[in-house]
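Protein chains: 2
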Amino acid sequence: MIDVDKALSIIDENTKELALEKRDIVSCLNKVLAEDIYSKDNLPPFDKSAMDGYAIKSEDTRNYNTEKVVEFEIKGLIKAGDYCEEELKAGQAFKIMTGAPLPKGADAVIEIEKVEVEGNILKVSQEVTKDNNVIKLGEEIKVDELALNSGSNVRPVEIGLLASLGYSSVKVYKSPTIALIITGDELVDVDSKLEKGKIRNSNEYSLKALIKNLGAKALSLGVVADDKDTLTEKVKYALENADIVVSSGGASVGDYDFVDVVLKEIGADVKFNSVAIKPGKPVTFATYKEKLFFSLPGNPLSLITTFEEFVKPAIEKMMGKQIENKGEFSVILADDFKAKRGRKKYVYVEIKEYNGKYYAYKVGSQCSNHLMTMSEANGIIIIPEESGNVKTGEVLNGKFIFK
Amino acid sequence: MIDVDKALSIIDENTKELALEKRDIVSCLNKVLAEDIYSKDNLPPFDKSAMDGYAIKSEDTRNYNTEKVVEFEIKGLIKAGDYCEEELKAGQAFKIMTGAPLPKGADAVIEIEKVEVEGNILKVSQEVTKDNNVIKLGEEIKVDELALNSGSNVRPVEIGLLASLGYSSVKVYKSPTIALIITGDELVDVDSKLEKGKIRNSNEYSLKALIKNLGAKALSLGVVADDKDTLTEKVKYALENADIVVSSGGASVGDYDFVDVVLKEIGADVKFNSVAIKPGKPVTFATYKEKLFFSLPGNPLSLITTFEEFVKPAIEKMMGKQIENKGEFSVILADDFKAKRGRKKYVYVEIKEYNGKYYAYKVGSQCSNHLMTMSEANGIIIIPEESGNVKTGEVLNGKFIFK
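Chains as they are written, first to last, in UniProt numbering: chain A, 1 to 403; chain B, 1 to 403.
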């Protein structure tokens, strides 16, 4: 049995970013950019008005004094999208809309709210400084300037930015495919009536949802009989057709848990098969060529806990995500919690915030359905391996779940 | 001009949850449950072993003393998924695997690690209490008991729970379709070379990504000419085919901004057309029958800011989401920030956490590309309307963006 940090570092050592793929930008949402992005143009590509107003030569208003109104001849109108070939001369103005290019010769825009207009005549009663309300050519970004680094997360703002720079598609890291092998002869399909001795297969659905939540793809092989030959065949198929294989059940010490046996037989390199975590001790991690294999416990709560703790970081690393911290923060216990020494214990709790501090409250009961208990929780607290019971008022690390 | 809170309350008053739809459970991820879910069965549906071990009658070990080993005849094996019809008698044991049903007559399981076995004989050297390692029939949930409330968010754990209860599909609130109308004669497509006076259409892509991020559907009508007739036709089409219409551009006071004119002409009920927010003042909100119309500013940064502030809550409410708080928390300023009085100002910043406290740092510069600045940010600080400039060390409300 190894501790959680050691398990995580072994997984990390054996996980590599996947290959790159070029995708249209909207479909890159929440993926990771795998190329540096340079601007193809100067932006804006012209001196641009930041306001609806009048383009003028600023020097025409120099030494303005309150006695005098400066008058301009309005030569025409420049709308956004237009381009004015005419050069502005002293004493002339163009009406100009937000986003429109300044005419040659103009160097300032005065806002529409600050002037008077009589017919063809613009009246300005103030000094206007050079570049007033003008966004200069290349001011936002210059041609060949770096706009986004490889490794950036692609959020809505990056998608807008890429579009503005003329990139309709970019290179990102591929998302992994995760094959699912659900074992357990007691499992029947969700739509079946429960016959004697049977329970419903819920792990396949939890896993599909956990994988979807991370933006990866699930390839479910369904419930596989606890039979060595069938399992061997399915494991081989899964390793050929996915980047990661996750099995649930079949990993404890029972006589009919074949997963570890099969892994050894096919020549997978089993890195560990027991982690000091509760819920979840029987977690096997193996590699087969560049593929990863996780055998997780069949208990539904242990399954979700160990997936989030061990499989999620591997998926995120394959997708190029840099996870700086694990989202943990200090939580004050609002109840007592029991824990035995020897394994790091994750307790599902309700975390509430008061005045900037986070408090952890018990949910459900030990006896009730584990998934129902977890369903009442929005977070976990982490009781260290050697802690034992913890009491109200103590401070532990916690985090929100499914974020 | 109305303030942000007033605008939000007007939007809220005019927004209703959408109709329900029945969907397969995995596709309900991150939607909101629209029915109460009751258990169809007692779970577990039988007394179940929590361990790999031996099922026995606990009374056979009563008054155990250290001198004496209690011996049992091993009658057979019960695997998970099996059902044993044979009744266990005093002095007998069944080997039993985790998840398997106890045979009639048995009331306890002793773990495999705690016994010795010689051939057919099980040797127990301790007292075993009644119900030891037994999960009793109905202990997790009883038939007809409420498992999930209508209004619950469907996370991976709820999907697993629904499967375990025999629900392969459930009722959830529909996700809205949001029609997009991008105006601006200066806009060219992302793949086009920039001709004189033109810039690229980025807002359509930002909006598609923002909508996708919320789990809603975008129906883009593309770039629509700043021409009243064309715009009227597109607005009508959008209102017929979507739940919400979002337009970008065309909402300031310029002569060629037709959106408000069109809204009045078609008989939409314009609720407000200016909000004291920066960036983003020219925000129009209108209703047309039960449909919502948002006209957002064309500036890419203002667009994203006002979408997140005003459109996102409407989308979430339509999807049945209960947003208890806006995710705001106290942030200590690590830089000075300028603000004029009169509008609530949202400043894009980098929020970092040290020792449980959050600090806000300036990103980019006022002059650089707005989307590049926003791309360097992970959060915003909110400078109240009447605050004016704020200084290092002051505490404001902030939040993370795109969460």
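Simulated from the structure, these hints should not be mistaken for lab results.
Some hints could be false.
Which copy is meant is left open, so a pair is good if it fits within one copy or across any two.
Under the rule of at most 30 Å between Cα atoms (straight-line distance), these lysine-lysine pairs were calculated in the DSSO-like manner [unchecked claim]:
(1) K212 x K278
(2) K340 x K130
(3) K326 x K352
(4) K264 x K357
(5) K123 x K264
(6) K196 x K289
(7) K136 x K281
(8) K271 x K114
(9) K321 x K217
(10) K264 x K362
(11) K16 x K212
(12) K352 x K228
(13) K136 x K22
(14) K130 x K79
(15) K130 x K89
(16) K68 x K271
(17) K321 x K171
(18) K40 x K212
(19) K130 x K22
(20) K89 x K399
(21) K174 x K352
(22) K357 x K16
(23) K338 x K114
(24) K114 x K193
(25) K193 x K136
None of these values were measured; they are calculated from a predicted model.
Cross-check of the supplied hints:
1. Within a single copy, K212 and K278 get their C-alpha atoms as close as 25 Å, which meets the 30 Å cut-off; across copies the closest is 36 Å, which misses it.
2. When the C-alpha separation of K340 and K130 is checked against a cutoff of 30 Å, the pair qualifies only between copies, where the shortest distance is 22 Å, while the shortest distance within a copy is 73 Å.
3. Taking the shortest Cα distances, K326 and K352 sit within 30 Å of each other both inside one copy (19 Å) and across copies (14 Å).
4. In this assembly of identical chains, the alpha carbons of K264 and K357 never lie at most 30 Å apart, being 48 Å within a copy and 48 Å across copies at closest.
5. Within a single copy, K123 and K264 get their C-alpha atoms no closer than 88 Å, and across copies no closer than 32 Å, so neither meets the 30 Å cut-off.
6. Taking the shortest Cα distances, K196 and K289 never come within 30 Å of each other, neither inside one copy (42 Å) nor across copies (55 Å).
7. Taking CA atoms no more than 30 Å apart as the test, K136 paired with K281 passes between copies only; the shortest distance there is 23 Å, against 62 Å inside one copy.
8. In this assembly of identical chains, the alpha carbons of K271 and K114 lie at most 30 Å apart only when taken from different copies (28 Å versus 73 Å within one copy).
9. Taking the shortest Cα distances, K321 and K217 sit within 30 Å of each other both inside one copy (16 Å) and across copies (26 Å).
10. When the C-alpha separation of K264 and K362 is checked against a cutoff of 30 Å, the pair qualifies neither within a copy, at 41 Å, nor between copies, at 54 Å.
11. With identical chains, the CA atoms of K16 and K212 are at most 30 Å apart both within one copy (20 Å) and between copies (28 Å).
12. In this homomeric assembly, K352 and K228 never come within 30 Å of each other (Cα to Cα): the closest approach is 47 Å inside a single copy and 51 Å across copies.
13. Proximity of K136 to K22 under the C-alpha cut-off of 30 Å is found in neither arrangement, the shortest distances being 33 Å within a copy and 54 Å between copies.
14. Within a single copy, K130 and K79 get their C-alpha atoms as close as 21 Å, which meets the 30 Å cut-off; across copies the closest is 86 Å, which misses it.
15. Taking CA atoms no more than 30 Å apart as the test, K130 paired with K89 passes inside one copy only; the shortest distance there is 15 Å, against 101 Å between copies.
16. In this homomeric assembly, K68 and K271 never come within 30 Å of each other (Cα to Cα): the closest approach is 86 Å inside a single copy and 42 Å across copies.
17. Taking the closest pair of Cα atoms, K321 and K171 come within 30 Å of each other only inside a single copy of the chain (14 Å); across copies the shortest separation is 34 Å, beyond that limit.
18. Proximity of K40 to K212 under the C-alpha cut-off of 30 Å is restricted to the inter-copy arrangement: shortest distance 27 Å between copies versus 35 Å within a copy.
19. Proximity of K130 and K22 under a CA criterion of 30 Å is satisfied in neither setting, with 44 Å inside one chain copy and 62 Å between copies.
20. In the homo-oligomer, the alpha carbons of K89 and K399 never lie at most 30 Å apart, since the shortest distance is 65 Å inside one protomer and 49 Å across protomers.
21. Taking the closest pair of Cα atoms, K174 and K352 come within 30 Å of each other only across two copies (29 Å); inside a single copy the shortest separation is 36 Å, beyond that limit.
22. In this assembly of identical chains, K357 and K16 lie within 30 Å of each other by CA distance neither inside one copy nor across copies; the values are 37 Å within and 34 Å between.
23. For the homomeric pair K338 and K114, the shortest alpha-carbon distance between copies (23 Å) is at most 30 Å, but the shortest distance inside one copy (70 Å) is not.
24. Taking the shortest Cα distances, K114 and K193 never come within 30 Å of each other, neither inside one copy (76 Å) nor across copies (36 Å).
25. In this homomeric assembly, K193 and K136 come within 30 Å of each other (Cα to Cα) only across copies, at 19 Å, whereas the closest approach inside a single copy is 71 Å.
Going through the hint list in order, the structure does not satisfy hints 4, 5, 6, 10, 12, 13, 16, 19, 20, 22, 24.
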